[in-house]
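2 protein chains.
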Amino acid sequence: MKKYYEKQLNEIESIVEKINYFSYISGLAYWDMAVNMPKEAGKSRGETLGFLSSELYKLITNDRTYNLLCELEDISDLTLEEAAMIKNLKEESDKTKKIPEDIYKNFSIDAAKSEIAWQDAKSKNDFSIFMPHLEKMVDYKRKFANFYGYEKHPYDALLNEYEMGMTVEKLDKVFALLRDEIVNILSKVKESKVNINENILKGKFSIEKQKELEKYVLDLIGYDYKNKGRIDSSEHPFTTNFGNKDVRITNHYHDDNFYSAMYSAIHEGGHAIYEQQISDDLEKYGLQGGVSMGIHESQSRFYENIIGKSKEFLRLVYPKVQELFEEFKSVSFEDFYKVCNIACPSLIRTEADELTYSLHVIIRYEIEKELIKGDIEVKDLKDIWNNKYEEYLGVRPQNDSEGILQDLHWSDGEFGYFPSYALGNIYGAQFLNAALKDMPNLYNEIEKGNLNGIKVWLKENIHQYGKLYKPAELLKKVTGEELDSKYFVEYLRNKFKDVYEF
Amino acid sequence: MKKYYEKQLNEIESIVEKINYFSYISGLAYWDMAVNMPKEAGKSRGETLGFLSSELYKLITNDRTYNLLCELEDISDLTLEEAAMIKNLKEESDKTKKIPEDIYKNFSIDAAKSEIAWQDAKSKNDFSIFMPHLEKMVDYKRKFANFYGYEKHPYDALLNEYEMGMTVEKLDKVFALLRDEIVNILSKVKESKVNINENILKGKFSIEKQKELEKYVLDLIGYDYKNKGRIDSSEHPFTTNFGNKDVRITNHYHDDNFYSAMYSAIHEGGHAIYEQQISDDLEKYGLQGGVSMGIHESQSRFYENIIGKSKEFLRLVYPKVQELFEEFKSVSFEDFYKVCNIACPSLIRTEADELTYSLHVIIRYEIEKELIKGDIEVKDLKDIWNNKYEEYLGVRPQNDSEGILQDLHWSDGEFGYFPSYALGNIYGAQFLNAALKDMPNLYNEIEKGNLNGIKVWLKENIHQYGKLYKPAELLKKVTGEELDSKYFVEYLRNKFKDVYEF
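Quick note, the sequences are listed as chains F and R, same order. Residue numbers for the first sequence follow the numbering used here, beginning at 1036 and rising by one. Residue numbers for the second sequence follow the numbering used here, beginning at 1036 and rising by one.
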């Protein structure tokens, strides 16, 4: 029997199909820009990407799309997939339509200028160059928050762009516990008599051998880079995909550091496994792709840290490390395990260890929410930043580049993004807790080289669903619980108790 | 003063801008498919390309575009660029609209099936598998010729797709002379006492060193693969570009044959130099890109043969060959020069030497024009093919794969394409004749390593104009003459006289 709304539904599905095509080719054009594009093609590529993004904007916001979505959104007998498709697209369309087109256009232009100013300021180590641009970006995003609308806190409107349904109220709670407990564990680490020798990881490591190690660890975790993906080099490692059968990662190699490329590979491999395991049949509903930034980060960090820095995984990998890099033949496994898990407060987020990483994020979160609300202003940011680093991490930036200028995110107005990184850690530990209930022998299996069990578990519980659920729904479905940082705290305490023997 | 048609003109320019964007991203998606794409992504990529091609179709044929073109085409005070933009787009739109949409769609589907059947037939060495599909393709293209319309010969309508303004009448004339003269030179070659030792080119050549040689020759001819291009590997060498600042070539390397990769590099480098030297300001009129298949082929063959196989260029390159491949230290330059210019009738077009290559093309031309007119039928093709090879080249295919099944072109209905290859040779020699009038010392300069002179000459006379002129107009502008194969015949006679000492 034909349903009375079938025609409208088919039309929306054909719009979703077009959105998919535009997303894939934009993605390809970005990937190519980072990996292959000759230098002088930048201007032309930028224009092409601008065109694609405006076509996408039109598809999502035009009257025909919007009216179809309005007709369909209240129908009660849609399938789960159909309902999620309509809901997601309607939210996207609503949100996009709320920003007046000319303001959005000016924002894009100013954001591009701001990013250039940030690069300039960073290279000259001078926050004052970037300050007027940052003020503009903050101003735009305060306005955006008002356009989007919010119930309690204007920053909620921005959080929602990266983590649907996330609020200051929820984050304040989970981040407060996390911050206090990390500071607590950190003080135990400082008191510990265990002395980890960082120099173990220093040396010269051929890129060729690093690439062999990279493939070795990626084969172990089960990312298919042969038939459904590929590995390339770029300035910063990233994952991109066009559907679930073309999921590409990039890496960055340094000949004095194999550790960085190895863990970047595992991190991106985690993102890539997620995308590769999403069900084929979600694509027609536009539900392919990960749930949110935070859930995506949870998967990359799950592989990078929870699995990748575990004693069992490192025991599995260490013979290969020793085979490739002869200098490790005289290093005990225990020393190698410890140096891979060193905890040491530092200034740069992207280089932070597993314990202190979330503190870097929490500092940014605390600043962003007050900034967007208007409780603090850009001119005071540098002091606030430096003071918080001193308070939480016990280190104080000596210049702007290693302080407030270190991250790209604010330069193009991505306020609300940073929390995803710490959320990834929190989600990850909650998923681990659930996985261990189903597979108490998980770590033993890992040590034996059997990582397929966890890959299948992640597929069945998380990956296959793509964007079918909202982050909080998925978390509830998998763990039966709300967002809670206690599992991550417990995980950190156990890990660093073992490493620092307190 | 604003012109009364300015609004319409601006609108056409913005349509041309969109056409450019769609062409660039389609091009990128094709390039990526040939160079990077993981195996399992084929289906998804095919669908994406289909979508892009249908968007492009709509842009070119929709009523708004068509009406604007009709309004603008008769305006007399357009600039040269504006007039060419309107004329090209109008022709394209007219032509595309002439094929009913359902017939074109069925043709695309059947062509895809036909290509698969051809691959199957080729691998099984059995023309009968391909025959029913080829019959369909011929039938479609006979119909297309009628839809397009023609004055004298139905094949003219198809030639026009690849070489605007070309006709059977013109080709019959230039190909008859060319065929007779090549057969004539070939008989002299056969009588010659010069014995060229083919084995000189055999050996093991590391891919790494082949790539060094490739960069060496590309630097010599002046293709910028560093800032405005790049070199990759693919099954078959090709050139693709997105504007004039991102012009990419690919190559294919065999470790028992450096000659093939060296000349493919120079050939593709010739195409790439053409694209890189087109004026920036033609892009907004959609006049970037080469004039036609034949003119493009003239540039690649100019570099590959007229320059690349000259004694002077080979003298310049030979020390590098000897440095890279030690086995050549005991080979005299004269022997190397001769083996690079060996003439030997063979069965496979793509492996043919400079002298006999055009005969392969002329055989296909003679078959195609009679086939499209209906004077011969697919069932008789195999005998016709084999007899012509015996008559013109003195060799007879022993099976279908080395005979009628060797080329892809007919499988997806590309009748009218083959003549471009021979036209490239004919144009090239006419251009050489003009260049030598301006630069009598051309070959001396080449031997000294100065190839910038010819690059600048090609830019000033040909490349800079992009699609501004039609092939015949450009030829006339550069040489003052019509299409004439006598220059190519004279060039061949001189070349092979020198090599075979007759």
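Please note that the accuracy of each hint is not assured.
Copies of the same chain look alike in the list, so a pair counts if it fits in one copy or across any two.
What the hints assert, rightly or not - Straight line, CA to CA, 30 Å or less: simulated DSSO-like cross-link-like pairs of lysine-lysine:
1) Lys1093 <-> Lys1208
2) Lys1223 <-> Lys1157
3) Lys1178 <-> Lys1414
4) Lys1250 <-> Lys1205
5) Lys1530 <-> Lys1171
6) Lys1042 <-> Lys1093
7) Lys1532 <-> Lys1483
8) Lys1132 <-> Lys1042
9) Lys1171 <-> Lys1355
10) Lys1133 <-> Lys1237
11) Lys1532 <-> Lys1187
These are calculated hints, taken from the structure and not from any lab test.
Status of each hint after checking the structure:
1. Lys1093 <-> Lys1208: neither (39 Å within a copy, 54 Å between copies)
2. Lys1223 <-> Lys1157: For Lys1223 and Lys1157, the Cα distance exceeds 30 Å both inside one copy (35 Å) and across copies (72 Å).
3. Lys1178 <-> Lys1414: within (19 Å within a copy, 73 Å between copies)
4. Lys1250 <-> Lys1205: neither (39 Å within a copy, 59 Å between copies)
5. Lys1530 <-> Lys1171: Classified as neither; 43 Å inside a copy, 69 Å across copies.
6. Lys1042 <-> Lys1093: Both ways: Lys1042 and Lys1093 sit 21 Å apart in one copy and 23 Å across, limit 30 Å.
7. Lys1532 <-> Lys1483: within (24 Å within a copy, 73 Å between copies)
8. Lys1132 <-> Lys1042: For Lys1132 and Lys1042, the Cα distance is within 30 Å both inside one copy (25 Å) and across copies (29 Å).
9. Lys1171 <-> Lys1355: neither (51 Å within a copy, 58 Å between copies)
10. Lys1133 <-> Lys1237: Cα proximity of Lys1133 and Lys1237: none, with 52 Å in one copy and 69 Å across.
11. Lys1532 <-> Lys1187: neither (39 Å within a copy, 90 Å between copies)
Consistency note: the structure conflicts with the earlier hints numbered 1, 2, 4, 5, 9, 10 and 11.
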